[in-house]
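Take the sequence shown: its letters are residues 1 to 301, numbered as in the numbering used here.
Note that these hints are calculated values from the structure, not bench results. The structure presented is a predicted model; accordingly, all values stated were derived computationally and were not measured. One or more hints might be untrue.
[Stated by the list, open to error] Pairwise CB distance ranges, derived in the manner of DEER restraints:
| hint | residue 1 | residue 2 | range |
| --- | --- | --- | --- |
| 1 | Y257 | R14 | 54 to 60 angstroms |
| 2 | G81 | F51 | 26 to 32 angstroms |
| 3 | P62 | G153 | 50 to 56 angstroms |
| 4 | L128 | D164 | 28 to 34 angstroms |
C-beta: ideal position from N, C-alpha, C; glycine also.
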Amino acid sequence: MATTPTPAPGPLRRTLRRIPGHALRSALALVFVFPIVFMLISSFKPDQQIFADLGSIKAFLPVGQLSLDNYTAVFDRVPAGRFLLNSIVISAVTVVLGIVVNSLAAFALSRMRWPGRRLLLVLIIATLIVPFETFALPLVWWVNKLPWLELNGFHLALTEGWLDTYRVQILPFVANAFSIFLFHQYFQSIPKELDEAARMDGASWFGIYRRIVMPLSGPAVATVAILTFLPMWNSYLWPLMVVQDENLRPVMVGIQYFFQLNVSWGQIMAYSTMITVPVLALFLAFQRSFINSIASSGVKG
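All chains should be modelled from the sequences, with the hints used to inform the complete structure.
Written out as structure tokens, the structure is:
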């Protein structure tokens, strides 16, 4: 008995079928976006209006008495500008150094042939199971004993101890096992025939890394940049342990100073906005590359 083929759904029917999915995703997006919108809008309102608007949709709308008074008060009461600058410098330098160091390590492990590279990769990945809190105290003792060359006039002087410096907040976190693993997986997806062709043309290994592999690894670079920036920006325990100078502390440690004061809710929202917006901006700028990298390399074994 012949069966009649089912006609393909038309554009209108396909659109109607997608409406429930879009509605569900939109509802979930609003759940996550509402707190951020409330924080951002409230940072421009005085406390009286924040509490007056809580029971209505006005809490999420830029209506009423809007001003920058809360931001001005934050900068007047704590050195918020200095804290923000420290966080930007520490996070940016760590991201740049981390991309260079971890990609070079991953390149050597994935593209070059030498004995023991697989064992070394396994050992690097194994370090991911060790939480930072378990070796934080020994690391403090270690960095306090490390030497450093400092320029004293026209002479280099050898000093001991890295405490109360920028480098103690940056260098211990440049090499990262997960970043090496992520770069390694992505580099594996690039055809090795490109290396062979470049070697026949006389390119060095560093030339292959700089001219071929890295230009093809934009998504992996963006992902490592985000995954390095986020913990460095949110770092609290380590700076609290190794830095006593207020001028060197990042914005997250600045919260400790800020909440010791008798501050208003509007000022709290202003400070929270200042430490949240940079993270959101970075993620939104690189979200497409981040998703592409996770989809193309992160799932490969």
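Do the hints match the structure? See the list:
For the pair Y257 and R14, the beta carbons lie near 56 angstroms from each other, so the given range of 54 to 60 angstroms is met. Taking 26 to 32 angstroms as the suggested C-beta distance range, the pair G81 and F51 conforms, at roughly 29 angstroms. The hinted window of 50 to 56 angstroms between P62 and G153 holds, with their beta carbons roughly 55 angstroms apart. Between L128 and D164 the CB atoms are about 30 angstroms apart, so this pair conforms to the stated range of 28 to 34 angstroms.
Hint compliance for this structure: every hint is met.
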